[in-house]
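Engineer: Spelled out, the chains give:
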Amino acid sequence: MAHGLARAARRQAIGAAALVALVAMWELLARVLAIPSYALPRPSQIAVILLGRWALFAKHLVYTTQEVLAGFLVSIAIGVPVAIGIVYSRMLESVSYTLIVAFQAVPKTALAPLFVLWLGYGLLSKVAVAFLIAFFPIVVNTVIGMRSVEPEMLYLTRSLGASAWQIFLKVRLPKALPSMFGGFKVAMALAVVGSVVGEYIGANAGLGYVQLVASSNLDTPLVFAVIVVLSLLGIVLFNLVGLVERLVIRWKPGEAQMEAARDTM
Amino acid sequence: MSGPRQLTVSVALEDVHKAYHGRAQQIVALESITMTVRSGEFLAVVGPSGCGKSTLLMLIAGLLPPTRGAIAIDGRPVAGPYTDVGIVFQRDVLFEWRTILGNVLLPAEIKRLSLPASRERALHLLDEVGLAGFEDRYPYELSGGMRQRVALCRALIHDPPLLLMDEPFAALDAFTREEMGAYLLRLWHERSTVIFVTHSIEEAVALADRVVVMSPRPGRIVEAVDVGLPRPRGLDVKEDRRFHDVVHTIRELFKARGMLWEKTPEIAGRGR
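Keeping their order, the protein sequence lines are chains A and B. So for the first sequence, my numbering puts the first residue at 1; every next one is plus one. So for the second sequence, my numbering puts the first residue at 1; every next one is plus one.
No lab work stands behind these hints, which were simulated from the structure alone. You may find that some hints are simply not true.
Using C-beta positions, here's what the derived DEER-type ranges look like [as the list claims (entries may be wrong)]:
1. B:A256 to A:V248: 57 to 65 Å
2. B:A24 to A:P253: 39 to 47 Å
3. A:I78 to B:E14: 47 to 55 Å
27 Å max Cα-Cα, derived DSS-like pairs, lysine-lysine [claimed, not checked]:
4. A:K185 to A:K108
5. A:K175 to B:K111
6. A:K59 to A:K185
7. A:K170 to B:K111
8. B:K255 to B:K238
9. A:K170 to A:K185
Glycine included, every Cβ here is placed at the ideal spot set by N, Cα and C.
Working from the sequences, and respecting the hints, build out all of it.
Structural biologist: Structure follows, in structure tokens:
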């Protein structure tokens with residue numbers, strides 16, 4: 001296990017080194033080829049902006065994070081009960097699952113202008129777009145997870161006289177959790193996309209708004225700086241879900257053990 | 001380990017039929033099954049794949065209704081799940097999110113039995129099958145044989161008067177399988193009525209008091225063979241002459257119906 005941990009750490013170190021090398025090459029090429037900063041700013045220029053205007057980023061980062069988290073949480077609060085309804089009610093299944101699958105085909109970002117139209121330039125329209133885009137993976141993964149229960153598990157619990165509530169709580173829900181968290185991770189990443197797209201359509205705050213303004217001013221270094229901040233936001237939020245997942249799901253071999261197992265193969 | 005209540009029950013099936021609706025036509029899984037399992041008896045059911053052995057257990061457990069006929073446990077007709085039962089399946093079906101102890105305690109939780117007492121019994125059972133010290137582990141940390149031993153403990157935690165076993169050791173390797181038989185006999189202590197479904201004639205004879213031989217679909221009872229080997233039995237029962245006699249008798253029953261051959265000439269001919 002210790003060996004696996006060391007190996008995981010080594011793998012991460014290699015990844016980090018590759019990233020550093022890539023950035024260094026970018027810096028070097030931009031300088032050697034004298035690429036103008038409005039076309040492709042150097043990493044050092046982006047870094048200067050990130051550090052120099054941190055207060056600006058902090059303010060809009062908070063705003064965007066609020067939208068993302070609100071959209072994400074609402075999509076769980078609505079998506080999970082809808083999924084449970086689909087699993088338990090044949091009626092609901094035939095009606096809503098078909099609708100949901102059909103709706104999956106609609107590009108959700110194309111609906112963003114409508115939400116801005118209906119809900120205004122404020123927070124609410126972005127939360128709505130983030131929710132709409134994050135909702136589907138949560139419903140689909142929760143349904144798949146709850147349906148993955150082996151029939152013997154149901155026979156066993158029913159043979160002991162378990163109530164429907166007991167079967168839900170002791171079988172379906174825990175069985176579904178790994179799949180649900182898979183959905184949550186995708187949903188979180190999509191909620192970031194939804195929020196930013198909402199901000200592009202119409203907003204007076206948020207990282208997408210900052211980027212749109214910077215772009216119209218041909219302030220390319222600022223555009224890149226926002227990309228960096230958004231990427232970091234995505235990584236942090238994604239790992240936050242991963243952290244909660246590891247706290248909740250303790251019955252699976254950890255990554256370190258998986259690494260160790262890979263070693264032996 | 002003495003329970004305060006009645007330990008075993010009798011099971012009676014009267015002209016039981018079970019048919020499923022297939023894609024094109026009805027599939028008859030069981031046909032006209034009439035048999036009685038005596039209270040405290042260890043009954044094995046042997047038959048080829050698809051003879052409805054598993055369906056038979058589901059019917060007795062009340063998890064499926066028969067198409068026709070009646071099933072009674074201790075004289076009371078079965079309608080809906082009979083909850084005083086322990087079931088072991090071919091797959092261990094451990095709940096991967098529960099610890100070993102948590103898995104064994106599942107029936108006690110669902111039936112709302114006293115948890116301290118159940119806990120004590122669970123630890124005792126785990127100790128009996130050589131899993132002391134594993135109670136806080138998760139199923140993924142255990143081997144197949146260990147997991148099936150946990151499933152056995154889970155089936156016995158509430159001291160059920162009836163134990164239904166559906167090819168419980170079929171997924172295990174031959175060595176582990178022998179070992180599991182010994183564990184089962186040790187835990188059983190003639191404390192419950194057992195119906196044990198298997199496709200291994202040797203396993204059936206080594207464990208059971210009586211072996212019911214079934215025909216392929218539609219499943220019918222061909223014959224019931226008394227084993228008559230003394231108890232308590234250990235693994236050495238397989239060295240007993242009488243063991244081989246009974247196995248031979250059952251083999252002949254299958255052969256007479258064209259289900260088993262001494263050799264399979266067409267395959268032997270194709271070999272080198």
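Engineer: Can you list which hints this structure breaks, lowest number first?
Structural biologist: Of the numbered hints given earlier, the structure breaks none, since each of them holds.
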